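Given only the sequences and the hints, what does the whole structure look like? Please build it.
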Amino acid sequence: MNNAEVKVAVEGQETERAVQLSPQKKNVDKARILFILATVGPAFVLFILFVIFPVFSMWYNSMVEWDGIGEKVFVWFDNYKVLFEDETFWKSFTNTLFLIAVVTVFTIGLSLFFAAVLSKGKTKGKTFFRIVFYIPNILSIVVISAIFSAIYSPSYGVIGAIYKLFDKPYTGWMGDVDAVMWCIAVAMIWQAVGYYMVMYIAGMDSVPDHLYEAADLEGCGKFRQFFIITVPLTWEVIRTTLTFFIISTINMSFLFVDAMTGGEAQSHVLLSYMYKFFGSQYGYAMAIGTVVFVFGYGISLLIQFLTRREIIQY
Amino acid sequence: MNSHEMTRKEILGKIGRYAGIAVKYFALGLFSLLILLPLFWVLMSSFKTTIEISADPFALPKKLYFENFVNAWERANMGSYFFNSIFLTAASLALLIILAVPCSYTLSRFKFPGAKVISLIFMAGLFININYIVLPLHMMLSDVGKVLGVGSDLTNNYVTVIILYASTSLSFSIYLMSSYFKALSPSFEEAAKIDGCGYFKTFLYICAPLAMPSILTVILFNFLSFWNEYILAQTFLAVEKSTLPVGLLRIMREAKTSNDIGRMYAGLIIVMVPVLAVYACVQGQLTKGITMGGVKG
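Listed in order, the protein sequences are those of chains S and V.
Quick note on the working numbering: the first sequence kicks off at 1 and runs consecutively.
Quick note on the working numbering: the second sequence kicks off at 1001 and runs consecutively.
It is possible that some hints are incorrect.
Across the chosen pairs, the derived CB separations fall in these ranges [as the list claims (entries may be wrong)]:
| no. | chain 1 | residue 1 | chain 2 | residue 2 | range |
| --- | --- | --- | --- | --- | --- |
| 1 | V | P1186 | S | E236 | 23 to 31 Å |
| 2 | S | Q304 | V | I1121 | 16 to 24 Å |
| 3 | V | Y1158 | S | D205 | 39 to 47 Å |
| 4 | V | G1149 | S | V45 | 52 to 60 Å |
Derived from the structure by calculation, the hints contain no laboratory data.
Bear in mind that the values here come from a model prediction, so they are computed numbers and not experimental data.
The C-beta atom is built at its ideal place from N, Cα and C for all residues, glycine as well.
Okay, here's the thing in structure tokens:
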């Protein structure tokens, strides 16, 4: 049987099947609709109710005054007026910006370096390093906060013991206004490097070997290869992670600050300051949340726009 | 002259290369130590008495002091938090899988009006984190509770927390599995149809088992996030219903005043060990999973 004959035979079979099915077609469609509704419906309803709706309810409630017990009063933009004159709010805003900048720069730098070293080329113990570097990412933020709080602790910490070796008094970096944000940043970087490293390794593994081989032949050093081959060719991955960095730093900084500090005004970040008004001034909290939303997604879009480049094909 | 230049260049190149290798291994080794030493330090401290810890944080324990673990497990209630955590994590995982696997399958393999919009809405959820919506959620559920006249029964409730954990993980899970479902050949479904399988049977007996690797990855990632989650549990659940991370946080805060530090280290170990044990078994799957999904909430 040649190809043409096969084709005819298959087509014949198919028309036959279609003819057989046509009386039942309505039933089949009903079954299909039922299946789609049963599979997508429950997940979609729960998702709208418990993920999408809260975001909108947050916007609405940011214009409400409510202490959690009495009646809700609609106050338009009063919460925002108070908010923009609230010093602690601005402090928490600058703290958030500081963490976004510092954590992003160090995490991207370190994870790109380790990814470059652990993806291509000869490095002994690659698997070991990959496994170890990823460990912080699987630990609870509470665990990491507890470890770092213990390290920084004035009475039983590592830093205190080192100060003692040099006979210097140590009162605790976490209590120091200038140092506390750095302390939190270090914990956040410690947590994030492994995760982004694994993502970058995946991007770098797909860069073809012959580009590096050609560069080697041309006498181009590994350091330069990283900037002229690796970074441009993994640019899309780096770009995507940048957006996630903004959103995740806003969220993660909340967890770290909530677990590591005692809620002092100088160490608040945006979401931890919002959380502080839980149970007392709901509308005010929601106004902070709305600002976070506009700020977080605004800055993400801006970064997507600024880092846009032609995708390099290879 | 020319050959002399060459050799100088070569020598410099060689020095540069060796320096590069040295820097590389130094950086790798240093960062590994920065990760492993604190963990080892916690383990070591969990076997020391509080007096020993305060005297010298670096010294090895004189003898293994198990009292910290008994103290954390019983007096700080970590034992009952442990079982609460297991229950909440398992139930949330079960609900998530029941919701997400069929949904992801249908969205990636069926064309129907609205399919694209629904997929887009789920994608948008990738950017909405549980920490961000925890307050509006609490507010909403207390409002509903008030209307129904059940007070805080709706917020201080395991069923609520389970539903919220599952709902907020839908985006990531559906997204991760959809690439897998999309890659399946349609011939499986055609063959099943010819054999008289309906849509439900085709999904349950043919497509879902084929997507098992991605389902396992989803289970793994969400096990970690449910086990480690604390903001929602802290906000919704009363103290006695709480989970391990919330319990650990309480011990941490108490340690500042009560000076019972040994117990805190023991609590840390109790929270970490299950996660590290799972990681030791499946670390390959986990790092493969990130590259499969690309993102995590």
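Index of numbered hints that the structure contradicts, given in increasing order: 4
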